[in-house]
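Asks: What follows is the residue order along each chain.
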Amino acid sequence: MPEIYLDNLKKSYGDVEVLHGVDLLMEDAEFTVLVGPSGCGKSTTLRMIAGLETVTSGEIYIDRKPVSKLEPKERDLAMVFQDYALYPHMNVEKNMSFALRLEKRPKKEIKRKVQEVAEIVGLSEYLHRKPAELSGGQRQRVAMGRALTRDSSTFLFDEPLSNLDAKLRTQMRAELAMMRQRVRKNMIYVTHDQIEAMTLADRIVVMHGGYIQQQGTPEQLFKRPANKFVAGFLGTPPMNFMQATIEDAGNEVYLRGRGFDLRCDSHTVDRLAASRVRDILVGVRPCDLDYRPDAAADSAFDIDVVLSEYIGAQSVLIGDCDGQKIMVELKSDTPIALGERLRFSVQLADLHFFSLDDDRAIGQVDYS
Amino acid sequence: MSTSTSFNRLTPYVFLAPAVVIMALALLYPLGYMIFGSFREWDPSQAMGESTYVGLKNYITLWNDPNFRESTFVTLKFAISVVTVEMFIGVGLALMLDRNLRGMSLLRTLFILPMMIAPVVVGLIWRYMYHPTLGIFNRGLKGVGLESVDWLGQHALLSVIIADIWQWTPFIFILALAALQSLPRSALEASRIDGATGWQQIIYIKLPLMMPVLIVTCLLRLIDAFKVLEVILVMTEGGPGLSTEILALRISRTATEFRELGVAAAMSNYLLMLLLFITVLMLVYNRVMEHRAARASRMIEESD
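Those protein sequences? They're chains A and B, same order as listed. When you read off a place in the first sequence, starting at 1, and then add 6, the result is the number in the numbering used here. When you read off a place in the second sequence, starting at 1, and then add 28, the result is the number in the numbering used here.
For reference, chain A alone in the conformation it holds in the complex (with noise of 0.2 Å):
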């Protein structure tokens, strides 16, 4: 199976460059997970590696071969569509065998192909019915079948979950990534859901603007986000920023915002030493943040409760830190009340820093 790698890839239409220069290596039977929010450039993305969009500039290599001038049928990929895209007047069967007809294959191999997919995907009592006489998972269903049988080196995913309602999401998230320990094969997946993203990629390329953010293992990026944008994208929860400034104080450190005054360990100056300026941002993920009443005030955050979200064991706590929302995840057994200030500790090591003019990391933790 072959490696896909865009090299700069950009479009535009008319005058408006929507997406301005990709590079993206996906390696040999790997998941890539393409999310960002609506308008990021990554369906357009995936749409120009199909071949369903033309490309501006930059080049796309399918085992290193170069394929943006080919038809989509050339490039030996199969696709999933978000409104899953099946043919209405076929039936189950005829559009899953739609491919393999269409390259005029042997009778006999059809049928043996589809019903053995039509078993992976659950859909064997249905082969005769159309479209309009499935549900929206079962059409889903179809819709995956339909990539599978063509036996393609790359799987092409374009939001193939955002049709179908909440409970049938995570069930068929579960199965996709099932068969994907069955069918290693290369995988692109576009979505705009980041647990999607965290849970089925193998590396995550989050994209936002038309630019590539970052692109790493979920756990990279979840543990060393390049930037704002990328702390603040992934992780439920989203991620709390504070402004704050480096303050030195005799021989300490201190990290000082509204509501909390942190002294910084001889690990934590180093990070910061990176910043040449002293004011900074200040990332804190919701689940970092402890409940201590007994913590030093120089290593916590005061934070008056103005809302608890019940969602079961745990609790989001919706909090004011000195007129900053600020959001901590605890378990929902913790006895508080509304109003309360409530002291919440955390490790120096769990914060994150950002440069206030460009948004960028300063001073990743290393955790290689």
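There may be inaccurate statements among the hints.
Computed footprint of chain B on chain A; a stretch qualifies when at least three of its residues, placed anywhere within it, have a C-beta under 8 Å from a C-beta of chain B [as the list claims (entries may be wrong)]:
no., stretch
1, 69-79
2, 103-115
Part of the chain A face toward chain B, derived, beta carbon under 10 Å [stated by the list, open to error]:
no., residue
3, V61
4, Y90
5, Y93
6, P94
7, H95
8, G142
9, A153
10, R156
11, M248
The set of hints was computed from the structure by calculation and includes no laboratory data. From the three backbone atoms N, C-alpha and C, an ideal C-beta is built for every residue, glycine too.
Fit chain B to the supplied structure of chain A, relying on the hints for placement.
Replies: Below, chain B alone, put in the same frame as chain A:
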């Protein structure tokens, strides 16, 4: 029951009333008049009351009248050939012009112009173009050194067919184009990825998906083609001989020249029955489609 509730129940009928009155006056009354008249021997100088009742005589006479049969045959030949050719050209053009190129909207507007010209004018234009010596066709043929063609004489039926195709292909074209543009884009993209060539897309995806619209369009056009009158009246007046005398023309001549209103009415009823048959076909088709949709939604509920 109180007055207000009974008034509420009546409300829809009150709103429907004007339409019903107009229907009755403009459609049912003339229709009834025509059916009534078709059973009588009736001269235009007579009032309806003075005419004599002759039962089915008019219908039987017509059934055995070789001229009427010839005329029916001409009408069928005309309608079937124009609709067939118009469907092919109209759908073909739509398939060709369904793309976003510069100036395409202007081109589309130009294409539908013939449909907007009054049929009498179309007849006149084509009569001049077909003129044996002055017409553009024969002058063109002469210009390249070919024999001139006796358009409205020897090839009269073909000539009126061409004129009708010129005028009504746009009707099919715009409906086919609308159908094409409402096709699911992603299904077409999926077929490209599945490896379909342009032709295969047309044959396996586009045409089957357009079929419901095309069938209705075809039937509508057929109904219209059976009733054509003005263009042929202006171009050939049904001649030479009976070669282009379509039913509508024969009806009008029976009423005005032969002064046999009863026979003309009977002939109209024959035509009406033919059209009714096509209309029923269309209704049946719609029913079948609705039935299928209903069955589909039932199956979804069962499988959920």
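Asks: Take the hints in turn and mark each one as holding or not.
Replies: Structure-based check of all given hints:
1. 69-79: holds (count 3)
2. 103-115: That given contact holds, which follows from 4 residues of the stretch 103-115 of chain A lying within Cβ reach (below 8 Å) of chain B.
3. V61: 16 Å, violated
4. Y90: Since chain B brings a Cβ to about 8 Å from Y90 (chain A), closer than 10 Å, the hint holds.
5. Y93: 6 Å, holds
6. P94: OK, holds: P94 (chain A) within 10 Å of chain B, min 7 Å.
7. H95: 5 Å, holds
8. G142: Because about 9 Å separates G142 (chain A) from the closest Cβ in chain B, which is inside the 10 Å limit, the hint holds.
9. A153: 9 Å, holds
10. R156: 7 Å, holds
11. M248: 44 Å, violated
In terms of the numbered hints stated before, the structure departs from hints 3, 11, listed from lowest to highest.
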